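K.L.:
Using the sequences plus the hints, can you model the full thing?
There are 2 protein chains.
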Amino acid sequence: MSAQSSLIDHATALIGFDELVGLLHAVFVKHGTSPEAAAILAHNCASAERDGAHSHGIFRIPGYLSTLASGWVDGNATPVVTDVASGFVRVDACNGFAQPALAAARALLIEKARSAGIALLAIHNSHHFAALWPDVEPFAEEGLVALSVVNSMTCVVPHGADRPLFGTNPIAFAAPRADGAPIVFDLATSAIAHGDVQIAARKGERLPPGMGVDSLGQPTTDPKAVLEGGALLPFGGHKGSALSMMVELLAAALTGGNFSFEFNWADHPGARTPWTGQLLIVIDPSKTAGQSFAERSQELVRQMHAAGLRRLPGDRRHRTRAKSLQEGITVEAQALAQLRDWAL
Amino acid sequence: MSAQSSLIDHATALIGFDELVGLLHAVFVKHGTSPEAAAILAHNCASAERDGAHSHGIFRIPGYLSTLASGWVDGNATPVVTDVASGFVRVDACNGFAQPALAAARALLIEKARSAGIALLAIHNSHHFAALWPDVEPFAEEGLVALSVVNSMTCVVPHGADRPLFGTNPIAFAAPRADGAPIVFDLATSAIAHGDVQIAARKGERLPPGMGVDSLGQPTTDPKAVLEGGALLPFGGHKGSALSMMVELLAAALTGGNFSFEFNWADHPGARTPWTGQLLIVIDPSKTAGQSFAERSQELVRQMHAAGLRRLPGDRRHRTRAKSLQEGITVEAQALAQLRDWAL
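Protein sequence lines, in the order shown, are assigned to chains A and B. Per the working numbering, the very first residue in the first sequence carries number 1200; after that it's consecutive. Per the working numbering, the very first residue in the second sequence carries number 1200; after that it's consecutive.
Quick caveat, the hints were computed from the structure, so don't treat them as lab data. Any given hint might turn out to be false.
Claimed, not checked - Chain A stretches covered by chain B per the calculated footprint, using a threshold of three residues with CB under 8 Å from any CB of chain B:
id, segment
1, 1224-1238
2, 1347-1359
3, 1362-1371
4, 1376-1387
5, 1395-1408
6, 1454-1461
7, 1483-1495
As the list claims (entries may be wrong) - Simulated restraints on C-beta separations:
id, chain 1, residue 1, chain 2, residue 2, range
8, A, Pro1407, B, Glu1531, 54 to 62 Å
9, A, Arg1509, B, Arg1509, 36 to 44 Å
10, A, Arg1518, B, Gln1525, 56 to 64 Å
11, B, Arg1510, A, Ala1465, 30 to 38 Å
12, B, Gly1436, A, His1517, 17 to 25 Å
On a predicted model such as this, the values are computed, not experimentally measured, just so you know. Virtual Cβ for every residue (Gly too), placed ideally from N, Cα, C.
P.N.:
Below, the structure written as structure tokens:
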């Protein structure tokens, strides 16, 4: 690669959040989603890019388009919401994306959580290809506590096993606090997120040790060896592995969705999105005894800082978000040009 | 220590489960708990011993007696149950143990979970000094899925901080399955459970690396250095630390209980039990779409074994339990003699 093309490859451009949402909306509609689904996915993807969560930002668009083109996922699906019980909502995503299914059930879920004190949303027959924090953060912005898990596709070797079985199976949590943005985290139960392995492979970087194995099950720091027949390890040994197993049980067994190892996309070349399930639990902390929850969570944050913690989970995202909203979102010029092409 | 006394120290005896429960019941009543609380705590402690969970078995009795003698916990407390909403039960443990508070609310919690599909139990003003799995396993035996978290006392340094703040803050989960005992795990969000550090110190063993720091914040493998002014680390770096933070928010902020750093037992020499809160979430999986949950969780177990996993979380406990129920529970003769003394 010449110095010239290297410069061109890495040139960046700035784009406003609303403009990026609009561009992504056009891309999604152009490639086979309904305008409703496009609006939700575009906002989700642009939010990740805005917050510096690059592995779930526009980096994901080729995967979305590939999977839509393959006929594996239905971009026009209309989710079917069932009011099962006073704390239990079920959504059949009808082979569409999980985010429109959540959006379709969201008002009912919140109503139930505020009335019953806690409510559960079980999404099945769904494809989740995005970060998980955008699914929980908005609940905390409305004063609710939210927890979500989603299973994905076989790429993690259970602790003590020989072969991969679990997905990266993230857990996301959001809670309101009195004097600041909600406390939010989103953690893969794998030692590293799959998207970060892909990014490392693209950049030619090595992985830290302990993240993955190659196709022979041997430890490797080569992201390509992990992606080409290898697998990831769970984070934190047997404990992370137990949590990943819990995610399979909650996101698949409890929703009626597929386990990470159950779907077969062999007849859909180009398919990229795991066809599984997702669980959300939303709690109304106003039912708590004593002081307000938001005051209490603020006190925890205060004490975490007093113990020497400089950065809370989510802090970096919020700083990047503020910068992006003020100055625009920095994206690679080439990627932006590609998006504009795809939108035509 | 002579060879003679060493032999005596390590002599073992066998005791039946019911006999151990009866003996522990007498010990608790003798040292200031109500017969109701004694029955619950004795069953809990004997169950841990029966299952080989030694750090939460009779090893804990001196701590229970010390804390009862100090006046820090009320062994005669009568928990006050409040029916807050269709999915939300609150219990004020009234400065008693958490297990009797759970027992007092259990029937209402199950009724709500079966009706609403999900229900939450928020216990505050409570002391939890036992393993967490005995709190969730019985729900799975009734076909329900249960999750519980409890915060404890400052002994874990948040990832990226300088000083300890969180407790060992365990997460326990239980789910039914079709052809076997429930799937159950109970994991401290610290790299090692506090009880296991105490046992290592007593036995003169070293800890594995990465478990704790000394009083200067330096890594150490000496359990005594951890116990004497040092602290534990979270498991799995920033991810385990985020989960530990979540436990503080759910078990304390959401229940109305104390954070792990809030209570002050300075006026109660001998106090050992963290005065905090506990959260339980119970889900009725019969509300799930599609096949029965227990059949699905059985399928997951089958696939985990097919992937080369020999031991599920909880398997060792179940094997030890079966052996204990058949042959009796093996305990140190000296410890058994001590229990008999304490019961007089």
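K.L.:
If any of the earlier hints don't hold here, list their numbers in rising order.
P.N.:
1, 5, 8
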